[in-house]
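J.: Chains as they are written, first to last, in this note's numbering: chain A, 1 to 537; chain S, 1001 to 1088.
Hint data in this document are derived by calculation from the structure and do not stem from the laboratory. Just so you know, even glycine gets a beta-carbon here, dropped at the ideal spot from N, CA and C. Accuracy of the hints is not assured; some may be wrong.
As the list claims (entries may be wrong) - For each label pair, taking beta carbons as the anchor points, the in silico distance ranges come out as: (1) A:Ala-123 to S:Glu-1061: 23 to 33 angstroms; (2) S:Thr-1005 to A:Ser-284: 27 to 37 angstroms; (3) S:Ala-1070 to A:Asn-106: 31 to 41 angstroms; (4) A:Ala-51 to S:Lys-1026: 17 to 27 angstroms; (5) S:Thr-1005 to A:Ala-123: 17 to 27 angstroms; (6) S:Glu-1040 to A:Ser-204: 33 to 43 angstroms; (7) S:Lys-1087 to A:Val-285: 33 to 43 angstroms; (8) S:Glu-1084 to A:Ser-204: 52 to 62 angstroms.
Claimed, not checked - DSS-like mimics (lysine-lysine), calculated; alpha carbons at most 30 angstroms apart, straight line: (9) A:Lys-315 to S:Lys-1056; (10) S:Lys-1045 to S:Lys-1062; (11) S:Lys-1087 to S:Lys-1062; (12) S:Lys-1026 to A:Lys-315; (13) S:Lys-1056 to A:Lys-46.
Stated by the list, open to error - Computed, partial: chain S to chain A, Cβ under 7 angstroms: (14) Thr-1002; (15) Ile-1014; (16) His-1017; (17) Met-1053; (18) Ala-1054; (19) Lys-1056; (20) Gly-1088.
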Amino acid sequence: MSKELKGLGVGLTAAVGTVHVVAPAQALPAWGKSTIGAEAEATRLKGAIAAVSANLDELASRSDETTAEIFEALKMLLEDDELFEVAEGYLAEGSDAAGAIGQAVNEFGELLGGDPDFEARVADLQDLSRRVQANLAGIAVGLELPQTGQIILVGEDFSPADTAQFTPAVVGVITRAGGPTSHTAIICRARSIAAVVSVPDAFSLENGATVLVDPVGDRVVVGGTVSDATAALTFIDTDEEPIIPVRSNIGTAADAVVAAKTKANGVGLFRTELLYLSASTAPSVDQQAASYAEVLAAAPTGPIVVRTIDAGSDKPVPFLNMPHEENPSLGVRGFRLIVEHRQFIIDQLTSLEAARKQTGREVWVMAPMIATVDEAAEFANLARSIGSFKVGIMIETPAISMQVDRLQGVVDFVSIGTNDLSQYLFAADRMNPALGALLNPWQPGLIRMLAKIGADGAAAGVSVGVCGESASDPAFAVVLAGLGITSVSASPSQVNIVTNALASVTAEQAKEVAAAALAGTDAASAKANVLAALAKF
Amino acid sequence: MTIFTGEVEVLDPIGMHARPAGQIAKLVKESGLEVVIVREGEETKANSALRLMAMKVKTGEKVTVSVDAADQAAADAVIAQIQEFLKG
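If we strip away everything but chain A, and leave its shape as in the complex, we get (with noise of 0.2 angstroms):
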C-alpha cells in the first residue's frame, strides 16, 4: 500500500505530477558596516528598489485586476519619499545597503505597530524589505518555477505574489495550512488546478517524488496513478423533482438572471450588504424599492427568502457609522445593529415590501445574526408589522441552535448559514488559513448540531433551509435532506448538481445517508461514509 496523506480537497480535478518542494526563504546576510561610503550604499539601494518595484509591475501585469492593486499598493509603500530618507539617514551613519532599508522599515513598523489596521501593512512592509535585501545579496526569492513538464507544488501556504508566478507547468499544489476558502484554494479551483490543502504531513512529501493530488479523495497518494483518483460522485440530469426543494443563493440583479436559468426552485438566500457596500449616502426608500424590484422580477420561479443587512465592522457599510470594534465577526452585526439603526431595518422592510407589491412574487424575509428567542420575536414583530412576508431567522449561533423548539409560534422559517454556525461553534475564525480543517463541513460537530436542528424544526413546525456553502455539495446536500432540512440553497453554479442528487435518491435512502454521516467519528470518516453509501444506490 503506497503512502497516503490525508487533506481537504479543493475542486474535482486530480492530478499527477513531480513533487517541488518550496523551501523556506534562504536566509538574509547579517547587516553590516559599508565598505564603499554612503554615495555608493545609495545607489545600491536605489537599484535594488527600482528592481523589486519592477518585479511587482511585472507580477501585476501577469494577474486579474484585484490581484494587480495589492501589487500597486505594495509598489506605493516601496517607493515612499520618506522611507528611502529614513534609510539615507542609516546610511549615513555607516550602514550598508541592507541594513539601511531592514531598519527603516523596522522603524516604520515601529510606528506603524500595535494598531491591527495596520498589522497587514506592517508585514507587507517587512514581505519588501526582505525582498530588497535579498536582491542586494543576489538571492532569488522568486518561485523560479519551470516553464514546462508536470509539477506539483509542495508549501506551507501561498500568497497572491506566489500564485501569480505559477507557470503552466503547474498540475497540482498541496499546501500544509490553508483551508477551502484559503487564497491558494479559490485559485486553484478557478484554474482548475488539483490541489489538496491543510495537509498536515505536506513537508514529508521529497523533492522529485511522483504523487497523485486527488481532490476528491481528501488526500495525496504517494506513487499513485491518475486511475488510482477517486471518482467524483456523478448524478444523472433528470427532469425528475429533488426530494426537497432546492434554491439559489444571489446578491445582484445579474445574480438573479443567471438562476433563473438553472433548475433553482426560488431563493434560497438573497444577499442584500451588495446594494449598500459601496453606497454612500443611505438610499431612499424609493430607490432600494427600485432594486429589489428589479432583482425581485428576475429571480427564479418559487419563494425569494430575502436577508436583511449582514454588516459588521469588517464589512462597514459606509454610511452606518461603524466603529473598529476588536473582534468583528463577535461584535455589532447583522440583527445587532437595530440598536443604533433600527431606522436603517424598517426602511428596508417598507422597500422590500413595495418590491414585493410591484412584482407580486413570494417574498420571505430573515434576519442574521440572532441568538436568542426574544430577538427573533423582535424582528418577527417588527416585518410583519410592514409587511406581507413569511418571517423567518438566519441559525448561525450555537445559542440560537438549542432553542429552535421554542421558536414555534414565533417565526415560519429558520435558515442556516453553514459557515458562520461552524466558525461559532468550533471558535475558528473563518479568516484564518490555519483552522481550516475544523471548519469542514463534514465535521461530526457540525452534523450533530445540524441534526439537532432538523429534529426540532420538525417538531415545532418551522420549515428549516441552509443556505451555507455546503449545501453546494451534492453528498452533503443529501445527508442534509436525510437530517430533516427541508430547503437547500447552493451557488447557481451548483444549483443542477445538487437538484440532480437530490432527485436520485428517495427519502428513505437519504435517512440511510444520514445516519451513515452520523456515524462517522472524524470528518474524514463521515464523508467516506457517506459516499459509500452514496455508491450503493
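On the provided structure of chain A, position chain S as indicated by the hints.
T.: Same frame as chain A, but now just chain S:
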C-alpha cells in the same frame, strides 16, 4: 506662495489607512505643492503615505490641511480632493 489651511474630517470607517494615505501622497507629489497635515501640534508632510499612516488618524477625527499654494482656489482644490479621499 502663501499658506492656506482648511479642516478635513476622516469619514473612512478604518481611518486614514493605506489606501487614502496613498491617494493623498500621490496627489501631493503630482501637484508639486508643499502640503502638511496638522493635528494638535503634530505636523506631517503629506508626500509620504507611510508618515500619514503613522499618524494613526481614526474615523471621526478632524485634521488641518495646510497648503503652500499660489492662491486660495488652488489650495481649496487640494483640500477638497483630500477630503474626498477620506470619505472611504
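J.: Confirm or reject each hint.
T.: Now for the hints, and whether the structure bears them out:
1. At roughly 25 angstroms, the beta carbons of Ala-123 of chain A and Glu-1061 of chain S sit within the given window of 23 to 33 angstroms.
2. For the pair Thr-1005 of chain S and Ser-284 of chain A, the supplied restraint of 27 to 37 angstroms holds, since their beta-carbon distance comes to about 36 angstroms.
3. At roughly 40 angstroms, the beta carbons of Ala-1070 of chain S and Asn-106 of chain A sit within the given window of 31 to 41 angstroms.
4. Remark: the range hint 17 to 27 angstroms for Ala-51 of chain A to Lys-1026 of chain S is upheld by a beta-carbon distance near 22 angstroms.
5. Range check, Thr-1005 of chain S to Ala-123 of chain A: Cβ separation about 36 angstroms, and the 17 to 27 angstroms hint is violated.
6. At roughly 57 angstroms, the beta-carbon separation of Glu-1040 of chain S and Ser-204 of chain A lies outside the given 33 to 43 angstroms, and the hint is violated.
7. Distance hint for Lys-1087 of chain S and Val-285 of chain A: a CB-CB separation of about 23 angstroms, inconsistent with the stated range 33 to 43 angstroms.
8. A C-beta distance of roughly 54 angstroms is found between Glu-1084 of chain S and Ser-204 of chain A, which places it inside the suggested range of 52 to 62 angstroms.
9. As the CA atoms of Lys-315 of chain A and Lys-1056 of chain S are separated by approximately 20 angstroms, the hinted pair is consistent with the 30 angstroms bound.
10. Our distance criterion of 30 angstroms between C-alpha atoms is met by Lys-1045 of chain S and Lys-1062 of chain S, whose separation comes to about 17 angstroms.
11. Our distance criterion of 30 angstroms between C-alpha atoms is met by Lys-1087 of chain S and Lys-1062 of chain S, whose separation comes to about 12 angstroms.
12. Under the criterion of a C-alpha separation no larger than 30 angstroms, the hint pairing Lys-1026 of chain S with Lys-315 of chain A is consistent with the structure, at around 27 angstroms.
13. This hinted pair checks out: Lys-1056 of chain S and Lys-46 of chain A have alpha carbons roughly 28 angstroms apart, not beyond 30 angstroms.
14. With 7 angstroms as the threshold, the beta carbon of Thr-1002 of chain S stays out of range of chain A, its nearest partner Cβ sitting at about 24 angstroms, so the hint is violated.
15. Look at Ile-1014 of chain S: its Cβ gets to within about 5 angstroms of chain A, closer than 7 angstroms, so that hint holds up.
16. Interface hint at His-1017 of chain S: satisfied, since its Cβ lies 6 angstroms from the closest Cβ of chain A, which is below the 7 angstroms cut-off.
17. Interface restraint check: Met-1053 of chain S against chain A, minimum CB-CB distance 6 angstroms, threshold 7 angstroms, status holds.
18. At a threshold of 7 angstroms, the smallest CB-CB gap from Ala-1054 of chain S to chain A is about 4 angstroms, leaving the interface hint in force.
19. Annotation: Lys-1056 of chain S was flagged as interfacial toward chain A, and the flag holds, the nearest CB pair being 6 angstroms apart, inside 7 angstroms.
20. For Gly-1088 of chain S, the suggested interface contact is upheld, since its CB lies about 6 angstroms from the closest CB of chain A, less than 7 angstroms.
The structure does not agree with the numbered hints 5, 6, 7 and 14 stated previously, though it agrees with the rest.
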